[in-house]
Amino acid sequence: MPSRQDSLLSRLSLEMPSLRTTAIATVIVLCGAFALAFFYAPNDADQGFVQKIFYLHVPIAICALAGFIVAAIHAIRHLRTGDPVHDMRAYVSIHMGVIFGTGALLTGAIWARAAWGKWWVWEEPTLVSFLIVYLLYATYYPLRYAIEDRERQARYASVFAITAGAFVPLNFMAVRLAESLVHPRVFATSEGGLPGEMLFTFLVALAGMALLFVTLSRFELAAKATRGQISRLRRALDSEAPSAPTSRIAPSTPADTGRAG
Amino acid sequence: MIAFRAILAKDLRVELRTLQSLPAMALFAVTTFVIFRFGLDRTSLEGSLAAGVLLVTVLFAALLAINRLFVAERDEGGFDAMRLAPIDLSALFAAKVVALFVYLLVLEAVALPVFAAFFLDSGAGLPPLAAVLALVNVGLAATGAVVSTVGAHSRARDLLTPLVLLPLLVPLMIAAGAAAEPLLAAGGPEYDEVWKWIGTLALYDLTFLLVGYAVYDFLLED
Numbered sequence: 000m001p002s003r004q005d006s007l008l009s010r011l012s013l014e015m016p017s018l019r020t021t022a023i024a025t026v027i028v029l030c031g032a033f034a035l036a037f038f039y040a041p042n043d044a045d046q047g048f049v050q051k052i053f054y055l056h057v058p059i060a061i062c063a064l065a066g067f068i069v070a071a072i073h074a075i076r077h078l079r080t081g082d083p084v085h086d087m088r089a090y091v092s093i094h095m096g097v098i099f100g101t102g103a104l105l106t107g108a109i110w111a112r113a114a115w116g117k118w119w120v121w122e123e124p125t126l127v128s129f130l131i132v133y134l135l136y137a138t139y140y141p142l143r144y145a146i147e148d149r150e151r152q153a154r155y156a157s158v159f160a161i162t163a164g165a166f167v168p169l170n171f172m173a174v175r176l177a178e179s180l181v182h183p184r185v186f187a188t189s190e191g192g193l194p195g196e197m198l199f200t201f202l203v204a205l206a207g208m209a210l211l212f213v214t215l216s217r218f219e220l221a222a223k224a225t226r227g228q229i230s231r232l233r234r235a236l237d238s239e240a241p242s243a244p245t246s247r248i249a250p251s252t253p254a255d256t257g258r259a260g
Numbered sequence: 000m001i002a003f004r005a006i007l008a009k010d011l012r013v014e015l016r017t018l019q020s021l022p023a024m025a026l027f028a029v030t031t032f033v034i035f036r037f038g039l040d041r042t043s044l045e046g047s048l049a050a051g052v053l054l055v056t057v058l059f060a061a062l063l064a065i066n067r068l069f070v071a072e073r074d075e076g077g078f079d080a081m082r083l084a085p086i087d088l089s090a091l092f093a094a095k096v097v098a099l100f101v102y103l104l105v106l107e108a109v110a111l112p113v114f115a116a117f118f119l120d121s122g123a124g125l126p127p128l129a130a131v132l133a134l135v136n137v138g139l140a141a142t143g144a145v146v147s148t149v150g151a152h153s154r155a156r157d158l159l160t161p162l163v164l165l166p167l168l169v170p171l172m173i174a175a176g177a178a179a180e181p182l183l184a185a186g187g188p189e190y191d192e193v194w195k196w197i198g199t200l201a202l203y204d205l206t207f208l209l210v211g212y213a214v215y216d217f218l219l220e221d
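Top to bottom, those sequences are chains D and X.
Numbers 0 to 260, taken from numbering that gives the first Met the number 0, label the letters of the first sequence in order.
Numbers 0 to 221, taken from numbering that gives the first Met the number 0, label the letters of the second sequence in order.
Looking at chain D on its own, in the form it has when it is part of the complex (with noise of 0.2 Å):
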């Protein structure tokens, strides 16, 4: 029995060394992005100072949207294999979504008082769009946790990773066409879009960002499975007590499953 949540761990690749490289690789890039961001890439003509927001801002943004697609990829897959590990996959993924979205969401904020001098601006199609994804991915919480049957809230879980993820696309086209273009194009404008200097940070801060989503996903993962082992090795020693409580919205680990049956 060990061994099974031991190749959990081992099948995530979650073992601590592996976890503290990431981390580590996580702290130097996205301190060496922030350091770039102040020091090396010149002010916006335009914006100044303010416009630094887009280093923290725009990849923020992209890992949340990331973040939903690979939960749609890794929910089709637990729907076709049934396997848990891609429906807790599937949850951190959404998870982390939901937080790096309100990280988007904030600073976006702050950008349109900064820059257009009001906190929200409903000409503005990507913030939009965004606070409607957003919107529709915080109501996954809720979903899993008016489920009762394990297996049943994984399966819808995973129905509406894959449905939402349809959705984003069809969102962002429906609320693009429907508003004007405020929002910098800054990636392909006719005048060329970023500076070298300016491109090469944002580039570096969205891998540090990227990396800091695989970071936490991957300390969330490990975190589950490892409840999953303390709670099944304390059934080990006292199959007479009563089992620890677990979170009743996190998906179950096989070790959960098992003890359920």
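Just so you know, these hints were derived from the structure itself, not from any lab.
C-beta atoms are modelled at their ideal positions from N, C-alpha and C, and glycine is treated no differently.
The hints are all genuine.
Simulated DEER-style distance windows between Cβ atoms: (1) X:46 to D:61: 35 to 41 Å; (2) D:45 to X:73: 56 to 62 Å; (3) D:48 to X:46: 38 to 44 Å; (4) X:112 to D:112: 43 to 49 Å; (5) X:130 to D:31: 55 to 61 Å.
Computed from the model, here is a short list of chain X residues facing chain D with C-beta under 8 Å: (6) 145; (7) 155; (8) 166; (9) 169; (10) 177; (11) 218.
Chain X: place on chain D using the hints.
Quick look at chain X alone, frame taken from chain D:
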């Protein structure tokens, strides 16, 4: 195909005999129009305001039917019967989508003339508006059938369905609002921008019909 026809006929027959959803939806829609009359303090509407009032009313009336779509299956063991029956479960999805589409058509057959009588100066935009509403109905029915199935299996039931459905319907409402606005313009309907939005509506409908068809089996597995 036989299963599809049987389920659809069952649903429509049950609705005709019990009249649980349709009268409530129609009454809800008319009452909402009256509330908008006083809430907005307007006796006539045009353009985006008219489109908004009509679409929001249809959306919330549709939620009543979507919430009740699987009540019989849930309470009377219909889901278990469907699982036991040797049928393709997408027949259930297709039948529910069509049943919901029919309910919404009936709702609009009542609500649209009332809306026109209450608020519109001319009825010239109504025929093309009916076509836009038909596309809205397909989108509402496809997403509604999937989300209602999830809601029926959850503890939160009536709470979860609108919670998940409303953000999912935002793109549909954006496109429908933008398509309906020029049709209800003060100086008579304009058709310049409408095709773009009809295309968007059709894309939304197609996407969620396909997604619903693809995932529906997994919602009923046991």
